[in-house]
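S.K.: In case you want the letters, here they are:
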Amino acid sequence: MKIKKLFTAAKPNVPVVMIALMAWLCAIAASTHADEIWVSNEKDDTISVIDVETLDVVRTIDVGERPRGITFAQDHSVLYLCASDSDTIQVIDPDTGKILHELPSGEDPEQFVLHPDNRHLYIANEDDAITTVVDTETRRVVAQIDVGIEPEGMAVSPDGAIAITTSETTSMAHWIDTSTQKLFANTLVDQRPRHAEFTLDGSELWVSAEIGGTISIFDVATQTEKSKISFEIDGVHADRIQPVGFKMSSDGGRVFVALGPSNHVAVVDQKTYEVLDYILVGRRVWHMTFNGDESLLFTTNGVSGDVTVIDVDALKPIKSIKVGRFPWGAAYRPTS
Amino acid sequence: MIRVLLCIVVGVLAVSPKVKADIKVTIAYLSVWKDVPPTLSNLDPVPIDQGLRGAELGLQDNATTGGFLGHNYELLRFDVQEGDDLTAIAEEALQAADFIVVNAPHDALLLVSDLDAASSKLFFNAGAADTVLRSDECRRHVLHTLPSRRMLADALAQYAVKKRWTDWALIVGSHEDDIAFANALEASAKKFKVRIRERKTWNFDADMRRSASAEVPLFTRELPEHDLLVVADEANDFARYIMFNTWLPRPLAGSEGVIPAAWHRAVEQHGAAQLQNRFRELAARPMRAIDWAAWVAVRSIGEAVTRTNKVDVESVSTFLFSDAFELAGFKGRKLSFRQWNGQLRQPVPLAHPGAVVALAPLEGFLHQFNELDTLGIDEPENRCNP
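Line order of the protein sequences matches chains A and B. Our numbering puts the first sequence at residues 1 to 336. Our numbering puts the second sequence at residues 1 to 386.
Just chain A, with the same shape it has in the complex:
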């Protein structure tokens, strides 16, 4: 609009126009230089894009219905988004925010994980008790695997050999051999498992159980539970401490655990499993992601409709950013 005004001015002053144009171009350049956090807003059918430097929402993008799982391709050239109630995976150009195309996903895709081959998405179909494997290149379904009721948590081992689906009502982690796309183990965890992650070396699988209030740690080689973490916060009843999403720091030091309606994030030692600290965040904290150097952690807080920014060194919340209604997932996008 500004540009248009300048050009339609009666007597365009060329140097002024040039300066304005340059300033505008610089502004565009600057805005694409700052890294971003992309947040899916489950009840707004939008994505909020947060500028990591200014910690403000710089863009809001309209997407399909009930956006939840959100992840970038390895080179960040496209964004994959579970549009759960549209029953599809949307592939989005992060520069323009345009939906490029959709991928078949099976019904009600909630959460997914991108295989290390950067090509296959493993998708939890919440309403159908199925895990769907989709080839993002051919845009075809490669396999559908029967799992427990209400599959949600998805993980894949760093070497790509194992994919995991956790099912909420069945309370299991289902172990999928990615070479055959068949289950090779099913392990019980506590009530309502929500999220799963492998450690970076691939030796351990961590699974959170929302109603159980625990994180189970499995030895990947034997698929047996080797430890279980519980949480305690002064003044909060144990039943309200409900671990959901979590994120491991890539140096192998810490794990940050969203504790749902207790409105806290727990800080856990990745090696000793000791809970080191609890950080107060927004209401019903759900998932989270780091920025590039892992100095900041961004948590999605569903009920309060905001994102809490945590200073990872100080373990302190530094800002809360208003986003859309019921922010669900978050993904980091480097832009330089």
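None of these hints come from the bench; they were simulated from the model. Just so you know, not all the hints are guaranteed correct.
[Claimed, not checked] Derived DSS-like pairs (lysine-lysine); straight-line CA-CA distance at most 27 Å:
#1 B:LYS310 to A:LYS228
#2 B:LYS200 to B:LYS162
#3 A:LYS228 to A:LYS316
#4 B:LYS310 to A:LYS226
#5 B:LYS24 to A:LYS182
Position chain B against the provided structure of chain A, taking the given hints into account.
M.R.: Quick look at chain B alone, frame taken from chain A:
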């Protein structure tokens, strides 16, 4: 008419290399005809498959988990209609299964659970809200997944206290169930320091579809000043005609307006939307309180078998009463059974037709051990000594 129907025998399709010993779990669902009073309106008929559909969904859920563990589940249905021989059908059910989910009124539940063959079985009461079944008339082998009327009344009282609507007027129908609910409301009012300024019985036999606008203002004009008008009319015979027809503009609660119930179609938080969807797919109607109670009963059995790998009554019962038992029931908190009377601890939603207004226990109602025990009969007032 006796109908014994083999509902679902579950074939296990999923292959698991970690299969343990094959186990078969048989659950009986026994429903007993209940004399429901006629109502003025035909708007909301009680579905005849209420409860049964919940049990069926519970069985499906169990079967999926069981598929990965080599556990097979089977649900047998026993249906007692008016004029049928309750004892004979109950005996059949007891012969067929160790776990019996019962959707029956008070008298029938006691009759069945007191049969000789019943003492070694485990019952789940999914249909009778009578508080006395959790108190003086409790049985060691009967668990209750449906909340008692006291739990529902306590939930409403907590909500009223939170809203500072602590002066009530109470309108009570003339049926036994209405009086029982009103008595529960009075007990809850005492517990939470709510004042019931007047309790008035509704004994009109006029058809309110024609005369609500004329009758209800006059009827309610005689009530003393109140913050909340509470109506006890379990069959919803007249309560629907009270709403928006009162002399004073006052919110309505109880059997109409804001309703406390084990389950409601408006419950969608805590993943409940998924349960609602699965149920609607199965039953082609919304899930009701008794459906939820039957579902959670079957799920409790399944959870015990899943965790213990055992199917005998003793093992399942011991597990259900232990600290190890915790169940996700789509109400935001883990559910467990009260040691002292077998009642399932559970949050109680308070809802109007369009949305959940609050979920009891409400914030601020504290308890030494478990806030869920602020609803219903707590251990210190326990009179259950089976």
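S.K.: Against this structure, judge whether each hint is valid.
M.R.: Hint by hint, here is what the structure shows:
no., hint, result
1, B:LYS310 to A:LYS228, "holds (24 Å)"
2, B:LYS200 to B:LYS162, "holds (25 Å)"
3, A:LYS228 to A:LYS316, "holds (26 Å)"
4, B:LYS310 to A:LYS226, "holds (24 Å)"
5, B:LYS24 to A:LYS182, "holds (25 Å)"
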